[in-house]
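K.L.:
Could you use the hints to bring the two separately framed chains together as a complex?
Here the protein sequences come in this chain order: A and B.
Per my numbering, the first sequence starts with residue 204, numbered consecutively.
Per my numbering, the second sequence starts with residue 15, numbered consecutively.
You can take every hint at face value.
Just so you have them, the derived chain B footprint on chain A, three or more residues with Cβ under 8 Å:
no.	segment
1	247-259
2	284-291
3	294-302
Computed list of chain A residues with no C-beta within reach of chain B, every gap over 10 Å:
no.	residue
4	A236
5	R237
6	G239
7	H274
8	P314
9	P325
10	T334
11	Y344
12	E345
The set of hints was computed from the structure by calculation and includes no laboratory data.
Quantities reported herein were computed from a predicted structural model and do not represent experimental measurements.
Where a beta carbon is used, it is the ideal one built from N, C-alpha and C, also for glycine.
Single-letter residue listing:
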Amino acid sequence: MSRRFLRLLPLLLSLGAAPSVQATGSLAVVVNARCGVAVMSRNEVINIFFGRYRQFFNGREAQPVDLVDGHPVRGQFYRRLVGKDLADINAYWSRQVFSGRMQALNKVASPDEVMKWVAANPCGIGFIELTKADARFNIVYELAP
Amino acid sequence: MTFFSLPHVAGNCLRRVRELCLPFVLAGALVSSPALAWDAEAFSVHGFGTLGVTRTSSDDVEFVRDISQPRGARSHWSGRTDSVFGLQASWRIRPELEAVVQGVTRYRYDRTFKPEIAWAYLKYDPTPALSMRLGRLGTEFFMLADSRLVGYSYLTVRPPGDYFWYLPFYSVNGADATLTVPLGEDVLRGKLYYGISDGKIPLADRQWDIDGSPLMGTYLEYQSGPWLVRGSYANIRFNSNLPIARDFYGLAPGVMTTTEARAALDYLRTDDTRSHYYSFGLVYDSGPWQFQLMLNSIDQGSRAFESSRAGYVLAGYRIDSVTPYVGYSHVDSTRRTSPVHPAVARVQADSRAQQETVILGARWDVMRNLAIKAQWDAIRGDTSSIFPYRRERDDWNGRLDVFSLTMDFIF
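Just chain B, with the same shape it has in the complex (with noise of 0.2 Å):
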């Protein structure tokens, strides 16, 4: 008995981005299925996992995953930053649809491990070459993104720092299409997606709620044997304001009149701005080797928030069961002056990314689906290098040596 029509409810969740919708979709889809039949084949539940603990040579400054995090480790171990536990369950209905639904745990925006359901989806495949999906999805601003959180699949403990700090957007509600077109030996991949943004972004005491932002992003793709090449695009824009305006209508009238107050907000201004990523990435992967290279460019609409570019290399080399590796990482932002006020360059200054990072670790696998790894990521940056941090003193050196320790496992 269907009570009501998929694309209707679909189409509603869309605009209305109501997270609750999204089970009645599912539910929806199972319901006005044709082919019930119960087969126990068809459904299956997967699950990741890391426990890891990370340290740092400084108190200066708190080390974060990504600017997703509110609070990073210190000189003492930690177990927040890496720490992640993931549950999957799929159900293939018919031999081309499929409803995927994924919960995460860990260490998020409100300083708590409150689990969250991170994919919920439906994925339709009409044909070998298309592929789309409708509901909670996960973003790919940069290659590798949508897998972050799946430590078991790559060969550091995290995504580089310098590379994948800015990017704290997770999930959207939306839809995605897949083309894949073979080319003789050679496959041609290409994605577009469009959503709404769901999350929020921890800044200070506070949160930027950027709940409902609209996102929309494309890549290309050619994979040939061992290479693997993309480029693309991806782009935000934020239907929020920072945070920020009691701070600005809370200083004293002689530092800050209030008609100062509101003109530097407005130039500080993020609602209805619009902040575009484009990427570049190479993978060579043959044998015993890995090889990485990824370049970004973040052009950021508003005036509160400083471009960045990034980049990093990665190399490993399997022996045996360990894979020692070696990558280094740059990102660096563009400084803005502003003519408005010192209150407003403070808060633009907080956006300042300017360092290196060489990183030197080994994953060894243990055992089937469980992999041990250790690393150091020694950054060097400049002092003003706070965007990737959280809670900086005035005592901050720009050097920083991060030592970690993971288990990850997938099971």
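In isolation and in its complexed conformation, chain A is listed as follows (with noise of 0.2 Å):
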């Protein structure tokens, strides 16, 4: 775990430093091409990915799917979905979490797999850079820079 942190180390201080070095392209919310949805707003994907609610409007449960804190991409997603930094995402969690109104969402450790368990789930939900979307996924909603 500490090897983990200090391969992560650099990342994070030039995050820190300058964080326009390390933007990547738009993100995109990709749902499973299966499940029926094409297109969302931003306030469904908001309620999605904080667990207001787990439902698309198609009436299917969703299977969101969430990146691991020391990847770029999460602090990267939720900057653009809602302004907040990290911190305030996880301390929303935490409130969740502790007070038992519900767990964290499922997290994988890469764009790849995040990919991986989108197209594993009937519904699944989750966000990528967007050059990495394939024909598996539906683009529902994007995020620029």
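P.N.:
Put into structure tokens, the structure is as follows:
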């Protein structure tokens, strides 16, 4: 774990020093193409990723997946979606988890694993770099840099 | 192999209110669950904690977080007001069924840090819209009340005292149901809960045992983008009297005769009285901004307590990793005039609160899942405002500055 932290350290430092260096292109919220969800609004995306509501408009249950804290795409996603720092996001989830309202979303280590998750679950939903999206997914929302 | 049926045991628990039942309820659910395959991902352990020190500007009163604490902080740094540690284990038995146990250690009614089981429940979500829990649960008399101990989850060092002092109820043995309805892009959520209180409230050198008192509550909230608005109502029917009989019967006959004492105690009866809690909350949370407005009204059924109203506003703005915040809170109680006896009036005056507080502080998110906070509470009140404190002296002038420093973490 500490080795992982050391590997991430330069990344974290560079994030703090010059966020623009790490900024990737557009991010995409992707849903398994078989789920029948073509497009979502920003608030609908927020509802799913903040656990406010777990269902798509077509009535099917969403199966969202998040990235681990250490991955830079996570920070970018939430900053672009709600303008919040990861500390705020984690504070929000600590309230949900420790008050017993709900568990945090499942987390995986990389966008590749996000894609694996979304493809494996009939109504999986996750966020990745736009350039990674392929025909298995519907791009339901885009977050420009 | 199932030795007992879950509904039967759970029903018994609710009736008998024996905390020992809870593990059996959980065990029963596990035993009767068809899918017992052990899955490491389905099991998780998380924790939270606060290491905090507090001091005040006065030795005339002791400052406490809420009335569940028997002793508080004075002009020397004290670690007991805010320090807490909690550990939570959860097991997702099936996608829609989950068992959760949370243990917490903090400074409590009996002046120890003895760990307690804060929650122990089964959560069943038959549909994405409906969620039900059964077991030992947190209470949500006011918004955010069920995460009061998780310092990392909020901005301030502790929930504003003028608003939360009156709330010593943390856990109940009971059940709740939450219904979530989408309205376009917005979300409407309603919750109903019922349970049997499980707790003691410290009073001077004694404890008031409210174990077994039934309570119930409901709220309705509407969430639209960054806005959240909630109205709530709850009540508790106390099933015991304040432990003051000895004091009254102990008075010299010249001061109070036995007959008068009996009449006074009857006048101050809490047994079989109901207290009502109304609240309204508005939260705005967007980008770097956080804003909260909360109002409450507590209608005390017993003549032993004064009814009260309280409110607070809080605003914070994040600048990089530091979020400075400023707040204002107010509480006042309605004076009761007792025709019975001066001794009765003294008991009633014990629940008097009449003060306001200006809160200034900052939260610094030092690193992942760790925050350091510093806060100054400037309390300005009437000299009669003694309910929120412990061990007040005659010199108490109603003015108190509280300085706090905490480190909050989650893992």
